[in-house]
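Colleague: Residues per chain are reported as follows:
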Amino acid sequence: MSAGQTSRQSPVLELHRLRKTFKVGRGPKARKVRAVDDVSLTLDKGTTLAVVGESGSGKTTLARLAMSLLPPDDGDILLNGRNLTGLSPRALARFRPSMQMVFQDPFDSLAPWHTAEQIVGSSLHLRRDLGPAERRRLVVEVLERVGLPQRFLSRYPHELSGGQAQRVGIARAIVTRPSLVVLDEPTSALDMSVQAQILALLHELQNEEQLSYLFISHDLAVVRYLADRTAVMRRGQMVEVGDTAKIFDRPENDYTRELVEASPRVTAAPAGRQPDRARADGVSHRVRKAL
Amino acid sequence: MSGEVSSAAPPRTPRPRRRTGARGLALGVGILATVLLATLLAPLYLPFDPLEANLPDQYLPPGTDGHLFGTDRSGFDVFSRVVYGARYDLLIALIAIAVALVVGVTLGLLAGYRGRATDTVISRLLDVFQAFPLLVLAIAVLGAFGRGIWITGVVIGVVSAPTFVRLVREQTRTIRDRMFVEAARCSGFTEVQIMRRYVLPANLGVIYTQAATSAAWAILLAAALGFVGVGVPAPLPEWGYMISTGTEGLTRGIWWTSVFPGLAIVLLALAFTLIGESLSRWADPRRRRSR
Chain A
1 MSAGQTSRQS PVLELHRLRK TFKVGRGPKA RKVRAVDDVS LTLDKGTTLA VVGESGSGKT
61 TLARLAMSLL PPDDGDILLN GRNLTGLSPR ALARFRPSMQ MVFQDPFDSL APWHTAEQIV
121 GSSLHLRRDL GPAERRRLVV EVLERVGLPQ RFLSRYPHEL SGGQAQRVGI ARAIVTRPSL
181 VVLDEPTSAL DMSVQAQILA LLHELQNEEQ LSYLFISHDL AVVRYLADRT AVMRRGQMVE
241 VGDTAKIFDR PENDYTRELV EASPRVTAAP AGRQPDRARA DGVSHRVRKA L
Chain B
1 MSGEVSSAAP PRTPRPRRRT GARGLALGVG ILATVLLATL LAPLYLPFDP LEANLPDQYL
61 PPGTDGHLFG TDRSGFDVFS RVVYGARYDL LIALIAIAVA LVVGVTLGLL AGYRGRATDT
121 VISRLLDVFQ AFPLLVLAIA VLGAFGRGIW ITGVVIGVVS APTFVRLVRE QTRTIRDRMF
181 VEAARCSGFT EVQIMRRYVL PANLGVIYTQ AATSAAWAIL LAAALGFVGV GVPAPLPEWG
241 YMISTGTEGL TRGIWWTSVF PGLAIVLLAL AFTLIGESLS RWADPRRRRS R
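As they're listed, the protein sequences go chains A and B.
Residues 1 to 291, numbered by our numbering, are exactly what the first sequence covers, in order.
Residues 1 to 291, numbered by our numbering, are exactly what the second sequence covers, in order.
Hints listed in this document are in silico derivations from the structure and should not be mistaken for laboratory results.
Just so it is clear, the structure is predicted and the values come from calculations on it, not from any experiment.
Each hint should be verified, as a subset may be incorrect.
Derived Cβ-Cβ restraints for the label pairs, each shown as a range [as the list claims (entries may be wrong)]:
id, chain 1, residue 1, chain 2, residue 2, range
1, A, GLU141, B, LEU137, 52 to 62 Å
2, A, GLN150, B, PHE132, 53 to 63 Å
3, A, SER88, B, PRO235, 52 to 62 Å
4, A, LYS29, B, GLN130, 26 to 36 Å
5, B, LEU270, A, PRO112, 24 to 34 Å
6, A, PRO132, B, LEU27, 31 to 41 Å
Counterexamples of contact, computed for chain A against chain B with all Cβ distances above 12 Å [unchecked claim]:
id, residue
7, PRO28
8, SER40
9, LEU78
Virtual Cβ for every residue (Gly too), placed ideally from N, Cα, C.
Input sequences plus hints: build the corresponding full structure.
Modeller: What follows is the structure, encoded as structure tokens:
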């Protein structure tokens with residue numbers, strides 16, 4: 001698994017030969033499911049690595065492994081070169097601010113009884129050096145970055161639209177200035193028009209903050225827009241990984257080809273890196289198609 | 001935020017805005033405070049000694065010779081005893097609720113959140129415990145440890161705890177897999193902090209409602225225990241005991257000996273319910289009045 005020719009600095013995240021097996025069922029009918037089977041991946045600073053695959057392919061398990069929310073059965077997870085495998089929850093807590101996650105369902109991921117300020121502020125709870133005023137300033141600042149003015153501070157999740165709720169979720173993730181952000185299908189629960197806004201926001205934040213995204217998705221149009229590199233998963237295994245354009249235009253693996261062909265047609269993009277304009281077209285085309 | 005009209009999921013059915021319950025809370029607390037003051041200041045104003053029997057004045061109907069609620073078989077002034085007895089019933093109810101809450105909520109949270117072996121152990125122990133007829137168990141324990149206000153309260157609390165365990169366990173199991181719990185983990189909260197900040201609040205609604213019911217029930221159980229002679233020691237004017245002994249004249253038209261303490265229980269139960277309902281409404285921001 002090559003790190004790719006684009007590598008500029010040391011990788012933010014390295015997954016090395018990860019394995020995770022779940023036991024399904026009980027008693028004699030119990031069987032083992034290999035959710036993640038020998039997967040290795042590298043994510044470079046400031047880039048986006050997409051992990052695509054159908055549901056049940058192990059994408060979400062991979063995301064949870066990458067976030068150290070789940071211990072792998074085997075293999076290593078390196079964040080900025082530090083091996084996090086086998087660390088106790090207490091030891092892991094120190095690394096939590098540098099890895100954050102944005103969830104699929106914005107409402108499910110926000111506690112209903114917390115205001116936007118509390119939700120975003122909760123990410124900073126390990127920062128004991130911050131006074132209440134400073135914390136508030138950081139929260140206000142980051143909410144503005146994601147497009148929510150100060151009046152949103154005291155809003156509860158049920159008082160937000162889907163897009164606004166996801167912006168709060170993104171704010172919570174980036175307020176700690178993480179080096180790794182895992183995006184677990186961050187737009188799939190949103191309306192098409194809102195999807196495009198959220199994707200544009202994620203893209204903008206990445207450019208400004210040099211964020212690194214591990215982007216979990218089954219939506220190839222969105223992947224094409226956001227990802228520099230793409231990894232295709234099937235039944236827990238990595239079937240192909242490479243530059244996004246190459247995966248889409250010249251897939252080597254049969255399954256990848258099937259997947260690309262099955263997805264709604266995206267604008268045929270010429271080989272090589274596309275300017276943002278063309279990427280955005282891909283999405284808007286898809287929006288038009290869906291409507 | 002133009003264009004963000006709504007989200008696809010979850011469907012956000014507009015809930016009818018209800019009153020915050022501030023009025024109900026005020027009424028409940030008002031009743032409770034009045035009863036508390038009335039019983040604590042009782043020695044200052046009561047016309048008769050609630051502990052002094054006066055056999056010749058047996059079964060005087062309400063209103064005779066200054067006996068507002070009449071007298072009972074031993075010539076006790078029913079009004080004095082109802083007012084004075086409130087302290088015992090309040091104390092028993094409060095002790096019982098405190099014990100039931102601490103024991104029940106803790107075990108329920110542990111069983112529901114930790115799951116697996118913890119859940120199995122707690123649930124099976126509960127099955128065994130609840131297999132006993134609880135009243136008989138309470139009688140046995142009180143018979144062994146002696147009688148008194150405190151021990152009665154504690155025993156009632158312990159037999160009330162299983163309801164809380166089951167309620168909180170069920171609720172917690174649905175909360176455990178919500179994404180905001182995962183998000184809290186990403187923010188570096190410890191499991192105990194997550195239980196306190198993210199799981200317990202989701203339980204407050206049912207806890208408050210059940211606490212109100214259990215408080216009323218505790219008084220009735222205290223009555224039952226008093227009736228079989230293991231509750232509050234006999235001469236003390238505990239309402240349940242008064243009702244139990246007071247009903248013996250009922251067939252001869254002597255209703256006041258049991259009806260007035262009964263009404264007192266209803267009044268306290270009403271106060272507890274009002275408070276519990278308003279608190280449970282307040283626990284859910286979606287049911288609070290919009291600002």
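Colleague: Confirm or reject each hint.
Modeller: Structure-based check of each hint:
no., hint, in the structure
1, GLU141(A) - LEU137(B): 52 to 62 Å, "59 Å, holds"
2, GLN150(A) - PHE132(B): 53 to 63 Å, "58 Å, holds"
3, SER88(A) - PRO235(B): 52 to 62 Å, "60 Å, holds"
4, LYS29(A) - GLN130(B): 26 to 36 Å, "31 Å, holds"
5, LEU270(B) - PRO112(A): 24 to 34 Å, "30 Å, holds"
6, PRO132(A) - LEU27(B): 31 to 41 Å, "36 Å, holds"
7, PRO28, "19 Å, holds"
8, SER40, "23 Å, holds"
9, LEU78, "18 Å, holds"
In this structure, none of the earlier numbered hints is contradicted; all agree with it.
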